[in-house]
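Student: Single-letter residue listing:
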Amino acid sequence: MSTLVLERVSRWYGNVVAVNDVTMTIGPGITGLLGPNGAGKSTLISTMGGFLAPSAGSATLDGVPVWRNPAIYRTIGLVPEAEAMYDMVTGWQFVVANARLHRLPDAEGAARMALETVEMMDAKDRDIGTYSKGMKQRVKMATALVHNPAVLLLDEPFNGMDPRQRLHLMDLLRRLAGQGRTVLFSSHILEEVEEIADTIEVLVAGRHAASGDYRGIRRLMTERPHQYTISSSDDRRLAAAIIADGAADSVDLSAGTLAVQAADFGRFVHALPRLARDTGVRLLEVSPADESLESVFAYLVAR
Amino acid sequence: MNRVVMQLTVRGLFGRRRAVLLVILPVLLLLLAALTRWASGGDPTASVGLTGGFAMGTVVPLMCLLVGTGVIGPEIDDGSIVYLLAKPLPRRTILLSKLVVALAAALVFAVLPTMASAAIAGDQGMRLTMAFGVTAALAAIAYTTIFVALSVVTRNAVIVGLLYALVWETLLGGYVPGVRDVSVRQWALAPAEHLLGTRAAEWGVTSVVSMTVGLALLTATTVAAAVLAVRRLQTLRLTTGD
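Chains X and D, in that order, give the protein sequences.
Counted the way the working numbering counts, the first sequence spans residues 2 to 304.
Counted the way the working numbering counts, the second sequence spans residues 338 to 579.
The hints are simulated quantities; they were obtained by calculation from the structure and are not laboratory data.
Hints are not guaranteed to be accurate.
Said to hold, decoys possible - From chain D, some residues computed to sit far from chain X (all C-beta separations above 12 Å): (1) Leu421; (2) Ile496; (3) Val497; (4) Gly541; (5) Met548; (6) Thr559.
What the hints assert, rightly or not - What the simulated footprint calls covered on chain X by chain D, stretch by stretch (three residues with Cβ under 8 Å from a Cβ of chain D suffice, anywhere in the stretch; the number is not a length): (7) 59–72; (8) 81–90; (9) 117–126.
Heads up, the beta-carbon is just placed ideally off N, CA and C, and yes, glycines get one too.
Looking at chain X on its own, in the form it has when it is part of the complex (with noise of 0.2 Å):
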């Protein structure tokens, strides 16, 4: 059992602040990074991994700060995101480098077993390069299993995927967690770090946006305000309808076309189709103006 501890790390590059005053805790279980592209996320791996020093404050683990601290390795396990591996040598080859780089009494056996639980032994005594990129991802876990780490640190490591590599990864990292390891993974895909993640850690414009269990994300993520745009036979009645009923905080109609604002997204969503009917009004288009990641992001650092 080991935690990660990122204590107010901020991290920048000349003038550009990539990571701001983060602090968090990475315990037991599996941990999803989540944000959008350019987020910090991978400058936070980095940092946790000990290849990047903090500009401010520390990270940690068990205690000991994590920078030119190559001992760090025999507890963290990387799986990185550059797809670049040692192409002019096998699979098996490449593992059992990584076994003996750990200087493991058995590092054949270390290796197959790590080859074992990716599923790669088939095809372990081909040239990495010859590779595809799910058998590389794949090869790239069992480099970091290989000395079987209490911590395993993966940047993205769903892209790429097709979905079946996809479960395959998803239902490896639970087995894992379920061994009382720390797995923390970064994604920019809400879907992927919710399915698997016990603890999520949004990370949005280098700031830590929240924090805390796939519920509670969603539920701040659904509970913002609502924007819809709506096309109709008459808007004006409709707009006056949905003020009267109180089921939206906002109409517009300067535009050209209805746009609603709704905090209480269930009692909207129900309320209009029943004002259109009663008024008697055809909807032609509702759709919903912001729901992209980004915006839900956005939202969640204006807060």
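We have chain X already, so just place chain D on it with the hints.
Tutor: Below, chain D alone, put in the same frame as chain X:
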């Protein structure tokens, strides 16, 4: 030293396409040496012209550039160095292991061809061969260490190294008086001049610095480059995009 790091480095150095470049220049040098012998009948002065000029001025720095940047540069570029760095190994060990591989490759592809060039083009009792062997070995150690350090310091190590090797060492280092004093090639020539004794002036093997100064500057440069390389690898910033 770590055996696994060295093995992976050897695979990386010879597994890439640029490994072909490693044999082109030495082969060209040996062909020129044969041609020189045929044209001059084994005259040591002509042999010094080829070995001291083309071999020491171009072949040795370029071969050291190839192996020096080849042992670590590509891994830093594509990020695969992370598999070595994310191990409970002192980074000093990683760097020194790679440096040893580079030095061994430089011995095979730069020093031995230079000695062979002197022997083929014209020599008397192997004296020139031995003298250039010492010079090439010393120059190769300094150059290789400089280029390894350069690959850790900058992603443009090949360009910077090429400019340094061709412009500073080959062009200016051969002719411009001020630059010659701070040229690895001149420092490394000093022991050869000393070894050849009275024949040195006759055959045209001369250095602008004394042997003591040459050896001291070579040692200082090599040690400084190695220390810089280790330091920079310890704090190498590793992050992809984002």
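Student: With reference to the structure, classify each hint as holding or not holding.
Tutor: Comparing the hints with the structure gives:
Some Cβ of chain X comes within 12 Å of the Cβ of Leu421/D; the nearest lies about 7 Å off, and the non-interface call is violated. For Ile496/D, the condition that its CB be more than 12 Å from all CB atoms of chain X holds, with the nearest at approximately 21 Å. The claim that Val497/D is not at the interface with chain X holds, since no C-beta of that chain comes within 12 Å of its own (minimum 22 Å). The claim that Gly541/D is not at the interface with chain X holds, since no C-beta of that chain comes within 12 Å of its own (minimum 44 Å).
Distance check on Met548/D: its Cβ is at least 40 Å (rounded) from any Cβ of chain X, clearing the 12 Å threshold; non-interface status holds. Separation of Thr559/D from chain X is adequate, the least Cβ-Cβ distance of about 25 Å exceeding the 12 Å criterion. With 3 residues having a beta carbon nearer than 8 Å to a beta carbon of chain D, the segment 59–72 of chain X meets the requirement of three or more and the stated coverage holds. Check result for the segment 81–90 of chain X against chain D: holds, 9 residues qualifying (beta carbon to beta carbon below 8 Å, three or more required).
Using a Cβ-Cβ cut-off of 8 Å, 0 residues of the segment 117–126 of chain X lie near chain D, which falls short of the minimum of three, so the contact claim is violated.
Hint compliance for this structure: hints 1 and 9 are broken, all remaining hints hold.
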